[in-house]
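*Asks:* Here is what each chain is made of, one letter per residue.
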Amino acid sequence: MRTAPAGYRRERLDRGIKVRSEDVFVLAGWGELLYRAGPRLAATVLLLVFPLLRPWTGEYWQTVFLVALAMMLAAVSWAFLENVGLVSLGHSLFFGAGGYLTALVALELRAPALVAVLVGSLAGSLTCALLLAPVLRLRGVYFSLVTFALPLLFSRIIEATKILGGTEGIVGVPGLGSLAARQYLLVAALLAAVFGLQRLLDSDYGLVLHAIRDNDVGVRASGIAVGRWKLAAIAVGSLPTSLAGGVLATHYHVVGMSAFALDYSVLPLTAAVLGGPGTMAGAAVGAALLVPVSELLRAFGTLRVVAYCALLVAALVAVPEGLFSLARRRYYQFERWVPV
Amino acid sequence: MSEVLSVLLYGLVQAAVLLLVALGFSVTFGLSGIPNFAHGGVYILSGFVCWYLLRKLGWPHLLAAAGGVAVAAVVGVLLYWLVIRPVRRLVLAEVIATFAAGVAMLELFRWMGLVTYEFNLPPVVAGSVTLGELAVDAHRLAVVAAAAGLGLLLWWFGRATRTGLALRAMAQEEYTALSLGIREDFMATVSVALGSALAAVAAVLVLPLGLISINLGYDAMLVALALTVVGGTERTAGLVLAALLLGVATVAASVVLGPHWSEVIYLAAIVAVLAVRPSGILGRLKELEERV
Amino acid sequence: MLRGRVLWVLASVALALGVWSPGARTAPVEPVVLGVPTALGSIEGADSLRAVQLAAEEINAKGGVRVGAVRRPLQVVSIDTREHEPGIPIHDALAALEKLLTERRPHAVVVGAFRSEVLLAAMDVVARYRVPYVVTIAMTPAFEARIASDPAKYRYLFRMGLQSEYFAGNLARVLGYVKSRHGVSRIQFVHQDVLWAKATVGFLETWARQAGWTVVSSDAYPTGATDFSASVLRARTGRTQILVPVFDMPQSGVLLKQVKGAQLPVAVVGFISPAVPATAWQAFEGAVDGMVQFVAEPGPLAVRALPKSVHFNRAYGQKYGEEMRMKLSGHGPGPSYDAVYVVAAAIERAGTLDPDRVADPVQRQAPGGVRRAAPGDRHQPGFPVARSWAAGGGVPGAGCGGRDPAARGVGPVSGG
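Protein chains in written order, with my numbering: chain A, 903 to 1242; chain B, 3 to 294; chain C, 118 to 533.
Honestly, the hints are just simulated from the structure, not real lab data.
Among the hints, erroneous ones may be present.
To be verified - What follows is a list of derived Cβ distance ranges for each label pair:
(1) A/R917 - B/M114: 27 to 37 Å
(2) A/S1080 - C/P424: 23 to 33 Å
(3) C/R122 - A/Y1233: 42 to 52 Å
(4) B/H63 - C/P382: 24 to 34 Å
(5) C/K270 - A/T1063: 25 to 35 Å
Think of the CB as a built atom: it goes at the ideal place given N, C-alpha and C, for glycine as much as any other residue.
All chains, full assembly: derive it from the sequences and hints.
*Replies:* Structure, rendered in structure tokens:
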């Protein structure tokens, strides 16, 4: 971050401990093991332990934690779709679909809340995949514009036709156990999403997905049905967000047009861009930072949104690789000046 | 019969309004490939600037309008240098960054509390005109005239002036344009500033029809998007045709079905056109760029 | 270089925010906390909060609330739920409500939700947290319906203020007077697409048809709409004679402007909430000229027959200044002021702050309350004063003949 002194250049090298803990040598000692597993372990432990800290944090921060988990899921899902080249500017579509379908399953089919949430989120992500199927062949900006328009379209249709409760929304959605139960459900989902989706992206499937992002014509020329892969990617990628929408519906006992609000589209976007596009963990970290900050800013009302947007622009312009990637690089590598 | 006539007349006015609002965005996007999603923010910003100059400082109407346009152009330049240039050519980053800038502007106004009735602009031309059995504000007719005039002006600009041709060259073939000595940064700045100035002109003409309401900023963005998508960015004729279609359709829908349906129409039009003909109704298909 | 600087700025901001949280945690000694979670950005919400603070100050000046053996002062805490904004962000409003309930732990909530949609959604949250909750702004009848469906669960919820049915009833009397006096029969409703307005217009439409009106149309506009030409067109083709706007957003002033601009031969009789205060003429730049504006409650009006309203008016002006008094909104401040006294009295009667014990006395306040027609409905407490507020008691207005007490003409003639 500093400019090089005259006659020198910057050199980045892997840290010794990283090299020593690569591959099978990670088993050589506790230091190596902790170096590798440490960050992940620490994050997982923090997620699992936070709900137990209720007497110290108070009820309010526990609710914020729940909302943060939901947003982390949405951010991870956004980042996954971005890795496939499907940048969605309307992520609230998935959120709202999950919420509404959960409410419908719970109230119309009179299912117990847990079943409603699981079935509703699955149905939500499948519905969204089907909705987006006709436009999957669009690329880049054009696809994003459609995703931008769809949640707005649905909320206007709901407002105009008064289906699904109209402006009032669907009220009386049953609760899902206690707050802690909801939190742990989302923690489990988050861990599955972050680690599972990252694994998926690092595997051979992920190779195809990245190729679709980079050069879809080439992928098609290789005989792979790009459309079907994209469809599958959307179905899988939107599931975490639908789940988040469903669980929050049971928390607030209501689902309304506001589930399709711009807020739920901008936040995962900002979180993923801030944390680091490309990595699931980065998106989660970004959301984990943004949500508490946004709550702290609640007293400022709409200034909050101004702050998000300013942050987004700053992140895009100045820190395009994201905070998480920055941190990870610092963790694994060190820099020094060497003479040219 | 008079019902149909009034719907057509109001539809024409609405088409003119849509065209004015979308012109700035379309110019920047079509002429130089920059999707400036802060268009709605600049639109409302210039409305407030004009209001301030007119109401608080007491400038004459025309001067206040010119002030609004000037401020908008400056904001456009700033927008390019601070926000767009660092992420130039990364189309999605441009979209997101400008969109965030636009939302930031609009929500800042909302936080400042600029939402009451007092924030309105007076009509450019006062009074009403009676055409047969219909009475229409003179201002609305002025809007139609202005839209037609601006449309023609921009068409001429893009075809017959050096700057216009240079801008189009840059949008079509960046490297060739560069090799011909067309300076990219300067041209892009001109294009964004022009788009913002047009947004300001639209604001001064269109906002007197209602209030300077922050939601109109989001609506303006949506309208601009709808017209650009439906009409395509290649030809001004496409934009005009899209404006006429959407204008009459929304007015007819509001009268027949209800006021909610006007926004539904814009959004449905965006989705439908993108699904079927992404280049727009009059656009020539650029398949390799848009779809697999 | 840029990146480093940006990161430093981000880090400092984050640190500063972590250290300084605007929701201050310093608590005075054992006060009785009254929460006000409402749309503080709206004039009704802001004025209601001020009315609540006024009432709390008056009670504290007299020594506070007696809880058992101890006298404790009242403390008012509030949070802005932003629910009056277009798009009605219900989730956000509920999050704000929850923040208030969990962080500040109010012993009772007054004023409550601004939007009926948020109110209905908030009912379950309130039931979960078991806090006495007195609504004074939102007007939907669905509130009572839900309480009736599960009285045990919703026993903490009360309304002290108008309900759409009675609001519509009063407005109907004005319209009936206009009809009998001027012999008109073609009516058109233009309203905001929110629950209270929809319910009001629903009742009005039914009444109008029965009373022999021809209803040209009933147009709903989303909150934040600024173009009402569709209604103007329909009014022209349908030859409307009476236009009834029912709005709480300031953009509705544009409707009045457009009606004038199109030179429609209609008389405007209705309720536009921001046009109620005496300053409406300037605020709307004369667009309200000729409109007969219905006033929901005599909060902004001092009615000699209701001495408490005179006192309220004067005290409000003394505390907040004459300009604020002139700008008092037509819906919310009056009942909110009363609600504080009701809650204080209930606490004193119960002798404790336990929500279950407080809920009962709130219920048993003066008989009848606002809903005169429904004895035995114990969820609408109110002093007899509140009852007659809703029934009218108003100022004869210019242009209305003075016979109907519930209407007030707006124009340069009428004063504060």
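*Asks:* At the C-beta level, are A/S1080 and C/P424 separated by a distance inside 23 to 33 Å?
*Replies:* Given about 50 Å between the Cβ atoms, the range is violated.
*Asks:* Does the Cβ-Cβ separation between B/H63 and C/P382 fall within 24 to 34 Å?
*Replies:* With Cβ atoms ~30 Å apart, the hint holds.
*Asks:* With 27 to 37 Å as the target window, see if A/R917 and B/M114 comply at their CB atoms.
*Replies:* violated, 49 Å
*Asks:* Using the C-beta atoms of C/R122 and A/Y1233, is the stated range 42 to 52 Å upheld?
*Replies:* At roughly 22 Å between Cβ atoms, A/Y1233 and C/R122 fall outside 42 to 52 Å, so the hint is violated.
*Asks:* Should the hint that C/K270 and A/T1063 are 25 to 35 Å apart at their CB atoms be regarded as holding?
*Replies:* holds, 31 Å
Hints 1, 2, 3, counting from the list given before, are not met by this structure.
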